[in-house]
Amino acid sequence: MQFKDYYEVMGLKRDATVEQIRRAYRVLARKFHPDVNKAADSEARFKELGEAYEVLKDPEKRAAYDQLGANWKTGQDFRPPPDWGTGTEAAGGTYSDAEAAQFSDFFESLFGRGQGGAGGGARAKRPPLRAQGEDHHARIQIDLEDSYSGAQRSLNLRVPQLTADGHVQMQEHTVSFAIPRGVRAGQQIRLGAQGGPGHGDGPRGDLYLEVEFRPHPRYRAERHDVYLDLPVAPWEAALGAEVEVPTPTGTVALTIPPGSTTGRKLRLKGRGLPAATPGDFYFVLQIVQPAASTPAEQAAYRDFSAQFKHFSPRAHLGASA
Amino acid sequence: MNTSIYQTLSTVELLDERDALSLEELCRASAAPTPFIVELVEEGVLQAHADSGGNWHFGGTQLARVRVAHRLHRDLEVNLAGIALALQLLDELAQWQSIGRPTPVR
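Residue numbers (numbering that gives the first Met the number 0), protein chains in the order written: chain A, 0 to 320; chain W, 0 to 105.
Derived by calculation from the structure, the hints in this document are not laboratory data.
Possibly wrong hints are sitting among the right ones.
What the hints assert, rightly or not - A few chain W residues that face chain A, going by a derived Cβ cut-off under 7 Å, partial list only:
id: 1; residue: D18
id: 2; residue: L22
id: 3; residue: A28
id: 4; residue: S97
Source: prediction; values computed, not measured.
Just so you know, even glycine gets a beta-carbon here, dropped at the ideal spot from N, CA and C.
Whole structure, please, built from the sequences with the hints as guidance.
Printed below as a string of structure tokens:
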């Protein structure tokens, strides 16, 4: 396995004080916590940080790690020496199975699962004799159109099962279910008994799927309302216009009122996500202008500006025109 | 290795927004302790609806809030007021992201 340089993980020098270690952990934990940091690797980095802190905050573990690791670099092939762990408190931990599961192989080779388990220290928990299994959580991505029309979905689940001779086997099965019309982001679909296995002969836990909309190239949803940024020409906004526009439920004719500006919202009542009281659909106007590519187009712009000599877009900024 | 079997489950439900989850179900689903959930309701972080027997029920969208609150409390030692503020800011951030505003690179 590979050596992990816990000081490097935490951005610390090897002579860091207890206070420096604690402070570094607090700062980095806030930075990499997966609920705060949505980068793909934040969960892995947060776990790695937790492991580094677990070692460096404990004087005995730190001393053992320092003694052993002084000559190693991150990524180097590593094996603890044969006499490692004899006669030191630090070598054995009292981690419950759940806690030990989150540590890397490197950590376990040094500090182990230890005497946790049946006898246990204060932190080891005995599993209950008969209890419902854990609930599991996942996210399911759907398209906005799926919410308008409803959809059928299948999910492949791999679920651990106990065989008759006590081995754990991964059982695969596919569940299919309907996505109802009008579902919105953040709602939960509960699949009964598709969660963790029960303890003893207790029932299985459930599986919760949180609904998420895949980013849509055109539309975005906020609760039940749906939005489209609608590009319009400057003359359409100034003079008004009748335009054809797309919505998830088909093309509609829209009246742009004269005197419109960028950001103006035009509402189509009831054309948002379906519901007992359906949401609304909003067009958000974005004025865009054509480029002045040809001499004729440039002349047209100059004539345009000549008609609007008193238009002063920067007047409120205080500098002269 | 293992065969796939198609199953249409009878126990698939879209959780409604008023009383989908009892306090006990919310505890189990979120793995958060009951007293913690009670504190979240008292702080105004969660919305509970009481039925005629005085029992609390929660809409399905409250589940994600409890899980985030519990992780902030457990991992970052955030107190109740901080959790409330953090969730509020995370909601606002999500809204900005949904309208395409760029967020700072960390």
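To see whether the hints hold, each was checked on the structure:
1. D18: Interface hint status for W:D18: violated (13 Å vs cutoff 7 Å).
2. L22: violated, 14 Å
3. A28: Because about 4 Å separates W:A28 from the closest Cβ in chain A, which is inside the 7 Å limit, the hint holds.
4. S97: For W:S97, the interface hint holds, since the closest Cβ of chain A sits about 5 Å away, which is under 7 Å.
Taken one by one, the earlier hints fail for this structure at numbers 1, 2, listed in ascending order.
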